[in-house]
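*Asks:* Work the whole structure out from these sequences, hints included.
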Amino acid sequence: MLYIVATPIGNLKDISERALETLQGVDFILCENTLHSSKLLSHFNIKKPLISYHQHSKLQKIDYLISLLKQGKNLALITDAGTPCISDPGGKLIEEVLRALPETEISPIPGPSALISALCLAGFPVDKFLFMGFPPAKKGRNKFFQEALSSKHPVVFYESCHRILRTLKELSVLLQTTYPVRGEASNRAGYQLPTNLVVCRELTKIFETIYRGTLEEVILSIKRDASSNKPKGEFVVIIS
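Residue numbering for the sequence shown follows our numbering, starting at 165 and increasing by one per position.
In short, the hints are calculated from the structure, not lab data. Cβ coordinates follow ideal geometry from the N, Cα and C atoms, glycine included. Zero decoy hints are in this set.
Derived pair list, reagent style DSS-like, types lysine-lysine, alpha-carbon separation capped at 27 Å: (1) Lys302 <-> Lys387; (2) Lys222 <-> Lys203; (3) Lys222 <-> Lys302; (4) Lys333 <-> Lys302; (5) Lys211 <-> Lys237; (6) Lys256 <-> Lys303; (7) Lys234 <-> Lys212; (8) Lys222 <-> Lys234; (9) Lys316 <-> Lys333; (10) Lys177 <-> Lys212; (11) Lys234 <-> Lys256; (12) Lys211 <-> Lys225; (13) Lys387 <-> Lys303; (14) Lys303 <-> Lys396; (15) Lys369 <-> Lys333; (16) Lys211 <-> Lys222; (17) Lys203 <-> Lys396; (18) Lys303 <-> Lys222; (19) Lys316 <-> Lys302; (20) Lys211 <-> Lys369; (21) Lys307 <-> Lys256; (22) Lys177 <-> Lys203; (23) Lys333 <-> Lys303; (24) Lys203 <-> Lys256; (25) Lys302 <-> Lys396; (26) Lys396 <-> Lys369; (27) Lys256 <-> Lys237; (28) Lys256 <-> Lys225; (29) Lys237 <-> Lys203; (30) Lys316 <-> Lys303; (31) Lys177 <-> Lys396; (32) Lys387 <-> Lys333; (33) Lys316 <-> Lys292; (34) Lys203 <-> Lys369; (35) Lys225 <-> Lys212; (36) Lys237 <-> Lys222.
What follows is a set of in silico ranges between Cβ atoms, one per label pair, in the way DEER data are often shown: (37) Thr268 <-> Lys211: 19 to 27 Å; (38) Ile280 <-> Lys256: 16 to 24 Å; (39) Leu232 <-> Ser315: 39 to 47 Å; (40) Thr268 <-> Asn175: 30 to 38 Å.
*Replies:* Here it is in structure tokens:
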């Protein structure tokens with residue numbers, strides 16, 4: 165059996181009793197970073213063999229994991245933080261498992277998710293939304309942002325601390341050059357910037373920060389914070 169187990173995105177108290185029970189009961193735990201996950205498991209006194217599985221894992225690793233399932237072993241898949249298979253390589257593993265062993269039981273053990281945690285505090289309607297994962301690091305960025313800005317529903321995506329300012333600046337430039345709006349609310353260039361933007365940093369952690377406002381306002385706020393301390397962790401961006 166394969167369990168998909170959500171783990172805390174920051175605050176260790178957010179782990180569920182069912183998640184702990186499941187991790188205690190399986191034969192192997194699959195994780196992105198064995199060092200990172202060993203710290204989490206050690207905190208809860210869970211001693212189980214760890215197997216690394218991440219975006220750079222080769223097909224031979226998946227074949228090995230499938231062989232363990234064929235032997236009747238119970239596996240738990242965790243990610244470095246949050247719910248597996250949401251913008252991480254877990255989805256590929258499940259796809260291959262179902263292809264090779266369609267009878268395999270796959271059970272979700274729900275819990276923390278940066279995506280849902282951010283949406284619940286957005287402050288505007290999110291009964292429908294578009295989740296886009298991480299923007300491309302190089303090629304395809306402009307297309308990604310055009311799709312985000314043209315959506316009729318709120319858009320959510322992740323970004324790293326290394327690229328958050330670059331991403332917001334690119335969004336601002338694209339918005340001002342692509343979507344002109346007439347009216348009193350428009351700026352001098354004749355464009356209306358979004359007033360509903362939420363950027364979440366380090367959710368559930370000590371330095372949790374929520375930025376709200378226009379793109380320009382959020383950029384200035386992040387720049388101000390970065391002048392004293394470099395932005396750390398991953399960001400969740402929501403555009404209304």
